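When you get a sec, could you build the whole thing from the sequences and use the hints?
Protein chains: 2
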Amino acid sequence: MVSNSPRLSGRAQKMPASPIRKLVPLSDAAKERGIKVYHLNIGQPDIPTPERFWNAIKNYQSRVLAYGHSEGLPSYRKNLAKYYENLGYDVRPENIVITTAGSEAIIFCMMAACAPGDQIIVPEPFYTNYNGFAIMSSVELTPVTCEAENGFHLPPMPEIEKLVTERTRAILYCSPNNPTGTIFEKKELVGLAELARKHNLFLMADEVYREFVYEGHHTSIFEIDGIEERVIILDSISKRYSACGARVGCVVTKNKKLIDSLIRFGQARLCPPTLEQAGANAVLEEGPEYFRTTMNEYRRRRDTVYEILMQIPGVVCMKPSGAFYIMAKLPIDDADKFAAWMLTDFTYQNETTMIAPGSGFYATSGAGTNEIRIAYVLNVEDLKKAMHILKLGIEAYKRRGG
Amino acid sequence: MVSNSPRLSGRAQKMPASPIRKLVPLSDAAKERGIKVYHLNIGQPDIPTPERFWNAIKNYQSRVLAYGHSEGLPSYRKNLAKYYENLGYDVRPENIVITTAGSEAIIFCMMAACAPGDQIIVPEPFYTNYNGFAIMSSVELTPVTCEAENGFHLPPMPEIEKLVTERTRAILYCSPNNPTGTIFEKKELVGLAELARKHNLFLMADEVYREFVYEGHHTSIFEIDGIEERVIILDSISKRYSACGARVGCVVTKNKKLIDSLIRFGQARLCPPTLEQAGANAVLEEGPEYFRTTMNEYRRRRDTVYEILMQIPGVVCMKPSGAFYIMAKLPIDDADKFAAWMLTDFTYQNETTMIAPGSGFYATSGAGTNEIRIAYVLNVEDLKKAMHILKLGIEAYKRRGG
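Protein chains in written order, with the working numbering: chain R, 444 to 845; chain L, 444 to 845.
Some clues are possibly wrong.
The list treats identical chains as one, so a pair stands whether inside a single copy or across any two.
Unchecked claim - The calculated lysine-lysine pairs, modelled on BS3-like cross-linking and capped at a C-alpha distance of 25 Å, are:
#: 1; residue 1: 605; residue 2: 697
#: 2; residue 1: 630; residue 2: 697
#: 3; residue 1: 605; residue 2: 834
#: 4; residue 1: 699; residue 2: 457
#: 5; residue 1: 521; residue 2: 474
#: 6; residue 1: 457; residue 2: 700
#: 7; residue 1: 465; residue 2: 521
#: 8; residue 1: 465; residue 2: 700
#: 9; residue 1: 699; residue 2: 465
Just so you know, these hints were derived from the structure itself, not from any lab.
Here the structure is a predicted model, which means the values were calculated and not measured.
Structure below.
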């Protein structure tokens, strides 16, 4: 007898709902009840997308919105190479493939480096969607747990090396880190580079928060010598220019065979969005003043969030050095339940706060269950209100025995 | 001893260069030599994208280009459901997931239906990038060869049924067809539906050329009864509204579990491009007059191409009923070599014509080697010149013994 419905694949069943987004139905329902929801759950900045972007879109000169080159618009690749050169990295246009957001950059690189069943080592907590990309690519993530108490820095290299197997093909890390805000030090990158060389691995660096540095210094993987053929930068304009809806990212690598395969992956899907590449090209003209202003604003926000967190008894977290997230341990049992409860059961003056539960940022089962990620992407006034509500929420949740 | 460069995965090595795009370096080189190249190789229409699209983009009211919902903008899903309802299909917004172009719609559905190593039956010749999507998804395509002499219609169902194995999970077809222009008849779809029911398969219908019908009638898979849970429409605005660079497509299905998994795949990559969804939403207001005008123009082009092809001795092709492609057998040995030769060695009045070699539209090794695909996406005057050059090119190539 045949079923009325074909079964879905294992990967479709295993594919996780985004921990950043899975509570959206609850927040929609809260809004329908007239409740204002402060969104600290998603890295969607409120900073205006630069005027240059909008002007480029509005002045786009073509009657037909046509396919672009699979590897990206030539003028954009050229100007993007200059952006990296200005940062001091030796990058030519032919080292760049433009992708449909950072997401596609990661998926393409996972597929190019790994056969189904191969492994990638990733420090955790990590950007939650690495989990989903790995399932889509049939790749296994091998987590290296970083501890809040250690500022979410890497454990000693021998502990990472122990995880290398015959099926390990790459190390993937993000610095400045989402979700912790930690910036890995140069010596940590040198350690990873050494491992990559020793075990013949790719070294993939998600550097989308490169400009978001409040303390210390960001070292790019392109600054580490002697591993040119292994190094991959994964990048995106979403955060840098507050253009998340644009879906423009890229891969940068000096490995010609890899570039060639990425272009072939890219040819299958034809091209990244044309119009937004014109916008992305235009915002490259933003000078240091743009980043200075933006970073000053984010620094104020970080300080606001951190200060209020420190006032909540039982909260453990480190002041982050970069990006725009804080990972905090709360004095509660289960952050998934708490985050949902904030949307279904708690309000203060008819408002509530939405945060991302921590477990989704780990590959290790059971890790991060009492942690949350806060994205400080609202203005300081709203952040103060949102954090105050969170504080009251934690207190109320504890009183009811959560 | 360790290599200086990590090896690429099997899928990266197997990933085909697009047969539509792999000759681009040769055409770029020809252009650099001052030669005008008529592009009949790619389905990039010259029809202007509707003014409504551009106006929606220009009037987009937001200072921040933000993430949209992972399943697509709610207003767009709602209006798109109405578009399908107007066609007579029972579609609600919750049956639709918006994707980053038709490409992502196909990749997501392949991943949702198949584990690595599972199989999908596909009539060939087919849209060439199905090959690439299958490799990206680690899926095997099982081709069913359709013959030019039979108007590229399906062979008898028992021949297709013979190809079903324990690992077959779906049948994927495109009608009106790219690259043949064939419109499958209702009885053919009923036959496929019967197979899908009998063997518990998904039935995926790529209907992006739905409106491009010059003769006969297009039947949607949504018109076939009793297989609701198996049916998937794959769709895109690229061709319908001449907006290829927009990267907006969708999946339509009544299978709730499938929709749920597609949304989870979608959450990993966050969202499709926001701005273009606003444009896509606006063009839905185009009425029948838009399609009537556009289709009349394409019909003239089809007739022009077909007429000139028929004047070339030894060419075999059928007059296509829909889409905007023609698949033709040429009196030459190797269309890959011929297509390259047209760009490197042949000009007429300092102009040449670029066509897509046929082999890339087949999964069967050695099939289609003397066939080409012509996309009739230029205006009639340019098409006449391009086809005249092609005619002269074929004659010259034959004279030199090709």
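Results for each hint:
{"no.": "1", "hint": "605 - 697", "result": "neither (28 Å within a copy, 47 Å between copies)"}
{"no.": "2", "hint": "630 - 697", "result": "within (22 Å within a copy, 53 Å between copies)"}
{"no.": "3", "hint": "605 - 834", "result": "neither (40 Å within a copy, 65 Å between copies)"}
{"no.": "4", "hint": "699 - 457", "result": "between (34 Å within a copy, 16 Å between copies)"}
{"no.": "5", "hint": "521 - 474", "result": "between (45 Å within a copy, 20 Å between copies)"}
{"no.": "6", "hint": "457 - 700", "result": "between (32 Å within a copy, 13 Å between copies)"}
{"no.": "7", "hint": "465 - 521", "result": "between (39 Å within a copy, 21 Å between copies)"}
{"no.": "8", "hint": "465 - 700", "result": "between (38 Å within a copy, 16 Å between copies)"}
{"no.": "9", "hint": "699 - 465", "result": "between (39 Å within a copy, 17 Å between copies)"}
The structure fails to meet hints 1, 3 from the earlier list, while all remaining hints are met.
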